[in-house]
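Quick note, the sequences are listed as chains V and F, same order.
Start counting the first sequence at 1; every next residue gets the next number (the working numbering).
Start counting the second sequence at 1; every next residue gets the next number (the working numbering).
No wet-lab data here; the hints were simulated from the structure.
Below, a list of computed lysine-lysine pairs in the BS3-like style, where the Cα atoms sit at most 30 Å apart:
no.	chain 1	residue 1	chain 2	residue 2
1	V	Lys336	F	Lys26
2	V	Lys16	V	Lys336
3	F	Lys26	V	Lys16
4	V	Lys335	V	Lys16
5	F	Lys26	V	Lys244
6	V	Lys335	F	Lys26
To give a feel for the contact side, a few chain F residues facing chain V, derived at Cβ under 7 Å:
no.	residue
7	Phe13
8	Val15
9	Ile16
10	Pro18
11	Leu19
12	Ser29
13	Leu32
14	His34
15	Val41
16	Ser44
17	Met58
18	His62
Model, not experiment: these values are computed from the prediction.
For every residue, glycine included, the Cβ atom is placed at its ideal position computed from N, Cα and C.
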Amino acid sequence: MRIVEPQLETAAAPIKGVVVRRRWQRHLLTFLMVFGPGLIVMEADNDAGAVSTYMQAGGQYGLHLLWILIVLLPICYFVQEMVARLGIATGKGHAAMIYERFGKWWGHFSLFDLLLVNFLTLITEFAAISLAFIAMGVNPWISVPVSALGLTLMVVTGSYLRWERIVIALCLMDLTWFVLAYIVHPDWAAVAYFTLVPTMPAGGITSSLVFLVIAIVGTTIAPWQLFFQQSCVAEKRLRFADLKWARLDTLIGSVFTVAVAGAMMLVGNYGYQHRIAFEDPAQLALALGPLAGHFVRNGVLLLMVNAAVLGTTAISLASAWAYGEVKGWEHSLHKKLWEAPGFYATYIACVGAAAAIVLIPHVPLQLVIVSVQVFAGLILPSAIIFLQLLLNDRELLGERWVNRPWNNVINWTIVAVLFALSLLLAAQVMLPNLFN
Amino acid sequence: MATMQNVLNTEYFRVIHPLDDAPEEKCSSEGLGHIAMTPAVRISLTVLRGYLILMTLMLGYHVLDLAGALHQLR
Chain V
1 MRIVEPQLET AAAPIKGVVV RRRWQRHLLT FLMVFGPGLI VMEADNDAGA VSTYMQAGGQ
61 YGLHLLWILI VLLPICYFVQ EMVARLGIAT GKGHAAMIYE RFGKWWGHFS LFDLLLVNFL
121 TLITEFAAIS LAFIAMGVNP WISVPVSALG LTLMVVTGSY LRWERIVIAL CLMDLTWFVL
181 AYIVHPDWAA VAYFTLVPTM PAGGITSSLV FLVIAIVGTT IAPWQLFFQQ SCVAEKRLRF
241 ADLKWARLDT LIGSVFTVAV AGAMMLVGNY GYQHRIAFED PAQLALALGP LAGHFVRNGV
301 LLLMVNAAVL GTTAISLASA WAYGEVKGWE HSLHKKLWEA PGFYATYIAC VGAAAAIVLI
361 PHVPLQLVIV SVQVFAGLIL PSAIIFLQLL LNDRELLGER WVNRPWNNVI NWTIVAVLFA
421 LSLLLAAQVM LPNLFN
Chain F
1 MATMQNVLNT EYFRVIHPLD DAPEEKCSSE GLGHIAMTPA VRISLTVLRG YLILMTLMLG
61 YHVLDLAGAL HQLR
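Next up, chain V with everything else stripped away, as it sits in the complex:
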């Protein structure tokens, strides 16, 4: 941490920063300056796929799966806290650290798998944008290219902070989910009960219930998040002393995301109460219109677009940062377009190609969704193992930054659970008859 001497302040070299008189003001201001990566990584994880999964969970099982979100809250936090700590300690992204400490083979494997699963996920994001706008009467040949252009313009301004402020504003728009959940009048006593008490739906454990539970876990902890937050922390140049604020940022992000996911389930539950069958949130939104009003209908559709936009910018950036780190290119939002051409080209190529594929008639979206689940099952356990090993790398991090024994007990448990669930999900997708 730099100690600023007041007498050094001259007209030629002005000292930046804000002077405050009270300790609490200093803490609040420092937190606000550090705030961002934790909220963004968590809320961007509530992407189009997550909206679909949580609303299906509410639509098929009512309030019965709410408790899973409470279980997932500490898992989200502990995983992302490790990412933030590693990012602050090394000032580098996750892909670069895997490449440097585990060699080219594991580096290339992680990078290739990340780029592939991210790209497939981007296709699903643009598919959601297309579906939501079709439901609002907008032709996909207009909505998809305009969205892709907007997503490109968001990042090419040469300012990380500008991008961060736009994305935080989009994250805060997700507060509208709470308004929608309030409007559909759930039984709040039942909501509290099913949130705190694990219960089983009436049909007991079925194949579709297991699949949905694993999908909820998979959508809440996605592989790109590990790469994204570490690169984002490095991009923001967070300092050692910022760690406690980065942890608070991550905790707030985790709580907010889980709460928003719960609100999505409550809206899905409204469909369950009215026996509405739906395959995607756009269908549910259209069916909700006559029952809950136009605000709910349009709200769900617009929030679906917002979720897809948030997911797209974060996932594309995770790819561009990771690729730039491994290639040794300039990879920073602080750079102008012509100063980091490879980095911006990767971002634009990801966004542009995914948007173009969605516009192809009869594109096999189901195959894309299945592929996302399979390749996410490959990369999540490997990325999280590397994260855990790096956080125990005393040679690299020294005693100050490595995991404490209690960290390791929690994190190895999380790793084992995620390994088992990823294997189960992949097995269920690839060998569907296995569980019948």
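We have chain V; now place chain F onto it with these hints.
Only chain F this time, still in chain V's reference frame:
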């Protein structure tokens, strides 16, 4: 985030944005080479390899199944 005192001995603080602050010396892997192969690292990577092989076999089975090759064998 420096703490300072003025002539009246009143404490005040200058809060500097991370992007405007001087760079810190971070933990660097330069010159360290690859991670040390401790038992924990070796076991973790072996489990990971086994997991990836299993997933690849399942993927291969699924592709053959979709292509109808397994149906012909049955």
